[in-house]
Amino acid sequence: MKKQVKSSEKVSLHHPSFYIRMSVIVALVSGLYYLAIRQTNASFARILGTFPILYRMITEDFFPPDFGYFSTALSQLIETFNIALISTTLAALLAFPLLFFSSSTLNRHPLSYGSVRFVLTIIRSVPNIIMVVLMVAVVGLGSVSGILALMIYSTAILIKLTSESVESIDERPIQAIKAMGGNTPQVIRYGVLPQITPVYLSHILYVLEINLKASVVLGFVGAGGIGQLIRRQMSLFRYDRLGLIILVLFFMISLIDYISQTVRSKLV
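Those letters in the sequence shown? Residues 0 to 267, per numbering that gives the first Met the number 0, in order.
To be clear, the hints were calculated from the coordinates, so they are not data collected in a lab.
Take these hints with a grain of salt, some might be off.
Simulated crosslink set (DSS-like; lysine-lysine; CA at most 30 Å straight-line) [as the list claims (entries may be wrong)]:
1) 212 - 159
2) 265 - 212
3) 177 - 159
4) 159 - 265
Work the whole structure out from these sequences, hints included.
Structure, rendered in structure tokens:
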């Protein structure tokens with residue numbers, strides 16, 4: 000039987016239709032890459048040609064960094080961290096009650112479940128930068144617009160991540176509590192929360208990491224923090240100060256990532 004299976008595999012691999020299918024797939028993929036390179040004008044020669052320029056900029060313009068600018072960079076870095084921290088905290092508080100409406104395990108009403116999931120999908124489909132532009136139009140330039148934009152987006156992300164964990168929880172404790180006459184609050188308190196709380200805290204830390212990096216980029220469009228400082232120094236061609244800002248960012252983000260991963264590994 001094994002010999003027959005092996006021989007049939009060899010026949011299928013050497014069948015003309017196999018090579019035809021593979022040729023069509025290779026042609027389609029090659030055509031897709033060709034169109035992408037042509038539309039973006041991103042030829043390999045052009046991409047490789049930027050590396051010497053980038054190397055010269057880093058070695059000659061960024062270094063040595065302007066360490067006299069450290070206090071200004073640090074103050075803006077603290078503001079960036081505060082934007083990420085406040086937006087993540089507000090998102091965690093807002094997402095937690097909505098979590099129970101976005102899970103089919105806990106919400107047996109198809110209309111409310113579907114409505115919540117639909118709204119969350121729309122929010123997640125809007126890029127952070129577009130969200131900040133909308134918030135700037137509402138509240139003006141500054142940190143508040145960044146906090147509001149990240150809060151809205153992070154709420155949808157937290158619910159998405161945690162609701163998937165809720166879908167896979169062990170339902171035996173829930174069924175046992177219901178069998179003993181427990182009501183919905185008791186089911187949530189004793190059957191659901193002990194299972195999802197560590198996962199939820201882990202997701203909060205993960206979203207904090209994302210928001211910390213996103214808040215740097217969002218500063219370019221008026222959300223405050225160190226992103227605005229980077230944009231200002233780039234417009235002034237002060238690459239020595241930009242080098243210092245990048246160093247400070249590198250150490251802070253590395254530290255936050257390490258702390259977050261350490262804590263999350265103990266929670267889950």
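Each hint tested on the structure:
1. Distance check on the hinted pair: residue 212 and residue 159 sit about 20 Å apart at the alpha-carbon level, within 30 Å; holds.
2. Annotation: proposed proximity of residue 265 to residue 212 holds, straight-line Cα distance about 23 Å (limit 30 Å).
3. Simply put, residue 177 and residue 159 have alpha-carbon atoms about 27 Å apart, close enough for the 30 Å limit, and the pair holds.
4. Between residue 159 and residue 265 the alpha-carbon distance is near 22 Å, which keeps this suggested pair within the 30 Å criterion.
Of the numbered hints listed earlier, not one is contradicted by the structure.
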